[in-house]
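What follows is each chain in one-letter form.
2 protein chains.
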Amino acid sequence: MKRIITYGTFDLFHIGHLNLLKRLAAMGELTVAVSTDTFNEGKGKKTIIPFEQRLAIVEGCRYVHRAIAEESWEQKVEDIKKYQIDTFVIGDDWQGKFDFLKDHCEVIYLPRTEGISTTSLKTSLGFLKNINKDELFKALDILETLRNDLA
Amino acid sequence: MKRIITYGTFDLFHIGHLNLLKRLAAMGELTVAVSTDTFNEGKGKKTIIPFEQRLAIVEGCRYVHRAIAEESWEQKVEDIKKYQIDTFVIGDDWQGKFDFLKDHCEVIYLPRTEGISTTSLKTSLGFLKNINKDELFKALDILETLRNDLA
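Protein sequence lines correspond, in order, to chains A and B.
Take the first sequence: its letters are residues 3 to 153, numbered as in my numbering.
Take the second sequence: its letters are residues 3 to 153, numbered as in my numbering.
Okay, chain A solo, but in the shape it has when bound (with noise of 0.2 Å):
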């Protein structure tokens, strides 16, 4: 059996988590590296669940086998070198960006598939209603009181 890695945040788990994380458990043994929050921090992003939740919902999922924090952009060789992995899986809109990881292992950009995503998920709150810039800056101030009150 294949091993296989996949990166991500997993933040507000949902539908097209699910289904990516079953489309790659089909490929093999399935490990998921999910993003720590000073890791995401260092890249300008937020979540609203905490890394510590978003690991816990991830390894809770019958598709995975293991799951590891995400914590600096250099670790996928090691990594990739520890559990001993044979194919690193990454959505294709990073499409050529992990060409260098093909040293180690093989490397699969995989169509992102419609509908649902976290991202959408989050500028829905703000741009299904047409709501302007201010209440948009609302809506984010109060997903960040909320962020925080869960972790």
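Hints are supplied without guarantee of correctness; some may be wrong.
To be verified - Stretch-level coverage of chain B by chain A, calculated; a stretch enters the list once three of its residues show a Cβ under 8 Å from a Cβ in chain A:
1. 8-22
2. 51-63
Said to hold, decoys possible - Quick list of in silico lysine to aspartate or glutamate cross-link-like pairs, DMTMM-like style, CA-CA up to 20 Å:
3. B:Lys4 to B:Asp81
4. B:Lys99 to B:Glu76
5. B:Lys84 to B:Glu31
6. B:Lys24 to B:Asp39
7. B:Lys24 to A:Glu61
8. B:Lys47 to B:Glu80
9. A:Lys83 to A:Glu31
10. A:Lys84 to A:Asp105
11. B:Lys4 to B:Glu80
12. A:Lys24 to B:Glu61
13. B:Lys24 to A:Glu54
14. A:Lys24 to B:Glu54
Don't read these hints as lab results, they were simulated from the structure.
Backbone N, C-alpha and C define an ideal beta-carbon position, used for all residues, glycine too.
Dock chain B against chain A, hints included.
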């Protein structure tokens, strides 16, 4: 091994749901009945995530042996017989309400754990920031639109 059943909505799947399912799975083989949208409507209850997705995510949880639809108040006795259930478990906010099931199986009211719940998560959107009633209604309106978008 005992056969356990519980009933719930499992909207916006979160760490509280995960911990509950893990705890129940430690008691035995776990069947989870997920309330349908039609059943919820009859109770004047709306979810953000549509039934099919809530069901799939519960099914995707490694602690769940079987996920079924909860379509009516009356189906519980039938479910208990059909799946040869030994223990019915529900939150202690329902204390006493399901004692009539004791003719068919053990009934356990589980103390609610502290912390996150879907209701608190949703009301947080409104109340944490002390936003006024108009703003709360606007937030609920956005959530409703979002829900329709996901359906």
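Tested hints:
Counting residues of the segment 8-22 of chain B whose C-beta lies closer than 8 Å to any C-beta of chain A gives 5; at least three are required, and the coverage claim holds. A count of 6 residues in the segment 51-63 of chain B with a Cβ less than 8 Å from any Cβ of chain A is obtained; the coverage claim is therefore met, three being the minimum. For the proposed pair Lys4 of chain B and Asp81 of chain B, the alpha carbon gap of about 15 Å is at most 20 Å, so the pair holds. With a C-alpha separation of about 13 Å, the suggested pair Lys99 of chain B and Glu76 of chain B falls inside the 20 Å cut-off, and the hint holds.
At most 20 Å may separate the alpha-carbon atoms for a hinted pair to count; Lys84 of chain B and Glu31 of chain B meet this at roughly 14 Å. Distance check on the hinted pair: Lys24 of chain B and Asp39 of chain B sit about 25 Å apart at the alpha-carbon level, beyond 20 Å; violated. Note on Lys24 of chain B and Glu61 of chain A: the hinted pairing holds, with a Cα-Cα distance of about 12 Å set against a maximum of 20 Å. For the hint pairing Lys47 of chain B with Glu80 of chain B, the CA-to-CA distance comes to about 24 Å; that exceeds 20 Å, so the pair is violated.
Between Lys83 of chain A and Glu31 of chain A the alpha-carbon distance is near 15 Å, which keeps this suggested pair within the 20 Å criterion. Distance check on the hinted pair: Lys84 of chain A and Asp105 of chain A sit about 15 Å apart at the alpha-carbon level, within 20 Å; holds. Restraint check: the Cα-Cα separation between Lys4 of chain B and Glu80 of chain B comes to about 18 Å, which is no more than 20 Å; the hinted pair holds. A hinted pair counts as satisfied when its Cα atoms are at most 20 Å apart, and Lys24 of chain A with Glu61 of chain B qualifies at roughly 12 Å.
Our distance criterion of 20 Å between C-alpha atoms is met by Lys24 of chain B and Glu54 of chain A, whose separation comes to about 16 Å. Our distance criterion of 20 Å between C-alpha atoms is met by Lys24 of chain A and Glu54 of chain B, whose separation comes to about 16 Å.
Violation of the numbered hints given earlier is confined to hints 6, 8; the remaining hints are satisfied by the structure.
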